[in-house]
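Visitor: As a plain string of letters, each chain reads:
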Amino acid sequence: MDVATTMPAEAGSAREKMAPPSRFGDKAFEWLTLGMALVVILLVFLIGWQLARGSTLAIQKFGFHFLTTSTWDPVAEQFGALPFIYGTVVSSLIALLIAVPLSIATAVYLTELAPLWIRQPVVSLVEMLAAIPSVILGLWGIFVMIPWLRDYPFPALKKIFGWTPFFTGPIYGTSMLAGGIIIAIMILPIITSVSREILRSVPNLQREAAYALGATRWEVTRIAVLSYARKGLFGAMILGLGRALGETMAVTMVIGNTPQIAASLFKPGYTLASVIANEFTEATTDIYLQALFEIGLVLFGVTILVNLLAQLLLKTMKSSLTTRAVQ
Amino acid sequence: MRQFQGMTIFSRFGGKLLGLTIAFGLSASASAQMMINGAGATFPYPIYSKWFDAYAKVDPSVRFNYQSIGSGGGQKQILAQTVDFGASDGPMSDDNLSKAPGKLLHIPTVAGAVVVTYNLPGNPALKLDGPAIAGIYLGEIKKWNDPKLTALNPGTNLPDQEIVVAHRSDGSGTTFIFTDYLAKVSRDWKSKVGSNTSVNWPAGIGGKGNEGVSGQVKQTPGAIGYVELIYAIQNKMPFADLKNADGQFVKPTLESITAAIATAQIPDDFRFSMTNAPGKDSYPIAGATWLLVYEQQNDAAKGKKLVEFLKWAITSGEDMAKDLDYAPLPAELRDRVMKRIAEIKM
Chain A
1 MDVATTMPAE AGSAREKMAP PSRFGDKAFE WLTLGMALVV ILLVFLIGWQ
51 LARGSTLAIQ KFGFHFLTTS TWDPVAEQFG ALPFIYGTVV SSLIALLIAV
101 PLSIATAVYL TELAPLWIRQ PVVSLVEMLA AIPSVILGLW GIFVMIPWLR
151 DYPFPALKKI FGWTPFFTGP IYGTSMLAGG IIIAIMILPI ITSVSREILR
201 SVPNLQREAA YALGATRWEV TRIAVLSYAR KGLFGAMILG LGRALGETMA
251 VTMVIGNTPQ IAASLFKPGY TLASVIANEF TEATTDIYLQ ALFEIGLVLF
301 GVTILVNLLA QLLLKTMKSS LTTRAVQ
Chain B
328 MRQFQGMTIF SRFGGKLLGL TIAFGLSASA SAQMMINGAG ATFPYPIYSK
378 WFDAYAKVDP SVRFNYQSIG SGGGQKQILA QTVDFGASDG PMSDDNLSKA
428 PGKLLHIPTV AGAVVVTYNL PGNPALKLDG PAIAGIYLGE IKKWNDPKLT
478 ALNPGTNLPD QEIVVAHRSD GSGTTFIFTD YLAKVSRDWK SKVGSNTSVN
528 WPAGIGGKGN EGVSGQVKQT PGAIGYVELI YAIQNKMPFA DLKNADGQFV
578 KPTLESITAA IATAQIPDDF RFSMTNAPGK DSYPIAGATW LLVYEQQNDA
628 AKGKKLVEFL KWAITSGEDM AKDLDYAPLP AELRDRVMKR IAEIKM
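As you go down the protein sequences, you meet chains A and B in turn.
Yeah, the first sequence ends on 327 if you go by our numbering, and it's all consecutive.
Yeah, the second sequence ends on 673 if you go by our numbering, and it's all consecutive.
Mixed in with the good hints, there may be bad ones.
[Unchecked claim] Quick list of simulated restraints, FRET-style, between CB atoms:
#	chain 1	residue 1	chain 2	residue 2	range
1	B	483	A	105	50 to 56 Å
2	B	651	A	165	49 to 55 Å
3	A	134	B	428	36 to 42 Å
4	A	56	B	427	21 to 27 Å
5	B	360	A	44	40 to 46 Å
6	A	37	B	360	45 to 51 Å
7	B	428	A	308	44 to 50 Å
8	B	422	A	308	51 to 57 Å
9	A	165	B	489	17 to 23 Å
10	B	622	A	70	40 to 46 Å
[Stated by the list, open to error] Derived pair list, reagent style SDA-like, types lysine to any residue, alpha-carbon separation capped at 25 Å:
#	chain 1	residue 1	chain 2	residue 2
11	B	519	A	105
12	B	545	A	140
13	A	158	B	489
14	B	519	A	260
15	A	158	B	469
16	B	517	A	78
17	A	159	B	672
18	B	563	A	68
19	A	158	B	549
20	B	563	A	143
21	B	469	A	166
22	B	469	A	170
23	B	470	B	514
24	B	545	A	136
25	A	158	B	487
26	B	469	B	514
27	B	519	A	68
28	A	61	B	426
29	B	511	B	467
30	B	666	B	483
31	B	430	A	287
32	B	545	B	432
33	A	159	B	546
34	B	470	A	168
35	B	632	B	670
36	B	545	B	483
37	B	672	B	432
[As the list claims (entries may be wrong)] One-sided and incomplete, this derived list gives chain B residues near chain A with beta-carbon spacing under 10 Å:
#	residue
38	500
39	514
40	545
Keep in mind that the hints were calculated from the coordinates and are not lab data.
Just so you know, even glycine gets a beta-carbon here, dropped at the ideal spot from N, CA and C.
Let the hints inform the model, and build the full structure from the sequences given.
Guide: Quick look at the structure:
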């Protein structure tokens with residue numbers, strides 16, 4: 001109050017008297033934020049270094065073969081990570097294939113089409129899905145989802161797509177596909193929430209301009225909203241992928257935990273995160289424990305690699321977008 | 328304004344909390360209880376916590392803190408001397424024992440059994456023997472009406488159904504006992520797979536924990552799996568009678584487990600395996616669980632309390648075992664263990 005009334009009167013003279021404003025605050029702020037950012041980077045390097053240190057023996061013993069062989073035998077102390085790498089990548093891809101269209105469609109409905117009174121309840125419900133503990137979801141998966149999948153959708157899939165190698169063989173329920181589906185459920189909320197925020201940040205001018213040109217609702221959504229937000233939506237997908245790669249408990253319950261590489265998605269698989277969760281507590285010999293550490297290191301590497309690939313994809317996507325715009 | 332109110336509430340509450348913490352801290356340090364730390368096996372966790380609880384009434388001056396982090400973790404922590412005692416569902420290997428800074432004693436406490444559970448139409452009573460189980464888990468016996476299975480079960484109509492094999496995917500003492508048994512009864516199993524807390528399974532689907540395997544078995548018609556006896560009893564799952572080393576079919580019960588310990592060959596360091604034990608009443612897939620303590624205790628006061636507790640556990644503690652579905656040690660073995668406990672030096 002005081003300041004507000006006296007300001008205008010003194011403003012002129014104050015400006016003459018004042019020295020140029022100190023830049024100290026700005027600098028301090030810059031250093032502070034830089035420091036915070038560095039802490040995050042440092043943390044990533046520390047994790048990588050610690051994992052590498054914990055697995056030196058295994059790296060020396062198995063070398064590159066660790067990544068290219070498929071035997072995981074704690075009795076004979078032979079360790080190869082290939083089936084786990086395969087399982088992690090494939091289950092995450094299945095999850096993305098299911099979750100991305102669902103999430104983006106939900107986000108489009110919530111921002112563009114849904115009546116206002118529906119929006120908040122649906123948003124809350126989707127966010128509640130994120131709050132379900134992983135292990136609960138896993139038990140639900142094994143006692144409810146698996147029997148249902150085994151009795152209805154899986155036989156139907158086999159009937160329709162049985163001629164492809166992906167849907168052949170006996171159906172047990174627990175399978176790579178079930179693992180992918182449970183991950184999809186777990187990454188739905190994050191992709192939906194982020195996509196919704198991105199679509200909401202699309203300026204209304206975009207939509208109005210498209211409507212003014214006589215576009216239908218679908219055309220407005222497709223041209224003015226979705227392509228505008230494309231980059232952001234891709235980012236949402238990468239966030240989802242990051243979660244998918246590291247999902248552990250729920251996946252372990254339904255994927256069947258068998259280290260094998262099989263084309264059929266009905267066959268059980270295994271992921272990097274699952275084998276660590278399964279075997280770490282009871283690993284008694286050094287080389288066994290070190291091999292599990294190396295699995296952690298591989299998971300770390302796979303995550304970084306997949307993210308880099310995604311960034312690269314984003315770059316090429318952007319350039320193809322601009323060329324099309326020029327044409 | 329709203330924020331302001333919130334702030335005062337917070338500071339008032341915070342103040343009280345701080346006061347409470349200080350008061351609590353003071354009272355805790357005033358009574359100065361001795362804390363004995365342990366870590367390890369998950370299988371005996373229910374009975375160990377019952378023991379610690381009951382022992383608090385016997386000797387209120389000592390408290391136990393037990394973390395059930397798994398046998399591997401228990402062995403690691405006692406080797407690193409970060410705990411006062413370790414616990415393991417399998418005896419330590421010579422290799423790991425050689426890493427110990429002092430002589431480590433194995434103190435057997437209770438035993439449990441692993442049962443073979445299944446999901447068949449109507450769940451008929453089933454009889455199995457070692458070679459049959461090994462054949463199933465090797466992936467050689469593929470159907471329920473295989474002649475090897477029908478020969479063991481005359482009069483039971485076994486269906487022409489594929490056997491879906493389920494096993495533990497997480498490393499566990501249960502798997503150790505199960506594979507240890509299979510390695511004893513099947514040469515093929517011994518050479519191809521071996522025994523450990525987790526192995527390279529030639530067949531089947533892995534489920535995490537007892538609940539993962541039982542879920543797999545309950546949900547899949549024609550499935551077979553193995554779980555702890557306690558878990559099968561509590562969840563009312565069917566389990567097979569097994570043919571023991573004497574050729575008798577035996578039901579897994581606390582009595583048939585104790586009978587197996589009584590007939591098992593037990594060396595003086597108590598690192599024994601009691602699978603496929605002789606004797607007509609012995610259930611063949613059973614195993615003990617151990618506490619791991621150093622023969623030479625560094626902290627005399629703590630060591631004395633620990634020894635007092637161990638003596639109590641092997642006498643009064645054993646009597647509580649049956650109520651929690653654990654098999655107690657037979658009397659003769661208890662005497663041997665008591666003698667060993669008395670040798671712990673401070």
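Visitor: Hint by hint, say whether it matches the structure.
Guide: Now the hints, each set against the structure:
1. B:483 to A:105: 50 to 56 Å: holds, 53 Å
2. B:651 to A:165: 49 to 55 Å: This hint holds: roughly 50 Å between Cβ atoms.
3. A:134 to B:428: 36 to 42 Å: holds, 39 Å
4. A:56 to B:427: 21 to 27 Å: Holds - the Cβ-Cβ distance for residue 56 of chain A and residue 427 of chain B, about 23 Å, lies within 21 to 27 Å.
5. B:360 to A:44: 40 to 46 Å: holds, 42 Å
6. A:37 to B:360: 45 to 51 Å: The hint (45 to 51 Å, Cβ to Cβ) holds, given that residue 37 of chain A and residue 360 of chain B are roughly 46 Å apart.
7. B:428 to A:308: 44 to 50 Å: At roughly 46 Å between Cβ atoms, residue 308 of chain A and residue 428 of chain B fall inside 44 to 50 Å, so the hint holds.
8. B:422 to A:308: 51 to 57 Å: With a Cβ separation near 41 Å, residue 422 of chain B and residue 308 of chain A fall outside 51 to 57 Å, so the hint is violated.
9. A:165 to B:489: 17 to 23 Å: holds, 21 Å
10. B:622 to A:70: 40 to 46 Å: holds, 44 Å
11. B:519 to A:105: violated, 51 Å
12. B:545 to A:140: holds, 14 Å
13. A:158 to B:489: OK: residue 158 of chain A and residue 489 of chain B at ~19 Å, within 25 Å.
14. B:519 to A:260: Within the cut-off at roughly 17 Å; holds.
15. A:158 to B:469: Distance of about 23 Å is within 25 Å: holds.
16. B:517 to A:78: holds, 16 Å
17. A:159 to B:672: violated, 71 Å
18. B:563 to A:68: violated, 44 Å
19. A:158 to B:549: holds, 21 Å
20. B:563 to A:143: holds, 16 Å
21. B:469 to A:166: Roughly 24 Å between the alpha carbons, so the hint for residue 469 of chain B and residue 166 of chain A holds.
22. B:469 to A:170: Roughly 13 Å between the alpha carbons, so the hint for residue 469 of chain B and residue 170 of chain A holds.
23. B:470 to B:514: Cα-Cα ~22 Å, so holds.
24. B:545 to A:136: Measuring from Cα to Cα gives roughly 18 Å; hence the hint holds.
25. A:158 to B:487: This hinted pair holds, its Cα atoms lying about 23 Å apart.
26. B:469 to B:514: Roughly 19 Å separates the two Cα atoms, so the pair holds.
27. B:519 to A:68: holds, 22 Å
28. A:61 to B:426: Within the cut-off at roughly 21 Å; holds.
29. B:511 to B:467: holds, 18 Å
30. B:666 to B:483: violated, 50 Å
31. B:430 to A:287: Roughly 24 Å separates the two Cα atoms, so the pair holds.
32. B:545 to B:432: violated, 40 Å
33. A:159 to B:546: Holds, at about 22 Å.
34. B:470 to A:168: Holds. Residue 470 of chain B to residue 168 of chain A sits at ~20 Å (cutoff 25 Å).
35. B:632 to B:670: Since the Cα atoms of residue 632 of chain B and residue 670 of chain B sit roughly 14 Å apart, the hinted pair holds (cutoff 25 Å).
36. B:545 to B:483: holds, 21 Å
37. B:672 to B:432: Holds, at roughly 12 Å.
38. 500: holds, 8 Å
39. 514: violated, 15 Å
40. 545: It holds, given that the least Cβ distance between residue 545 of chain B and chain A is near 8 Å, below 10 Å.
Consistency note: the structure conflicts with the earlier hints numbered 8, 11, 17, 18, 30, 32 and 39.
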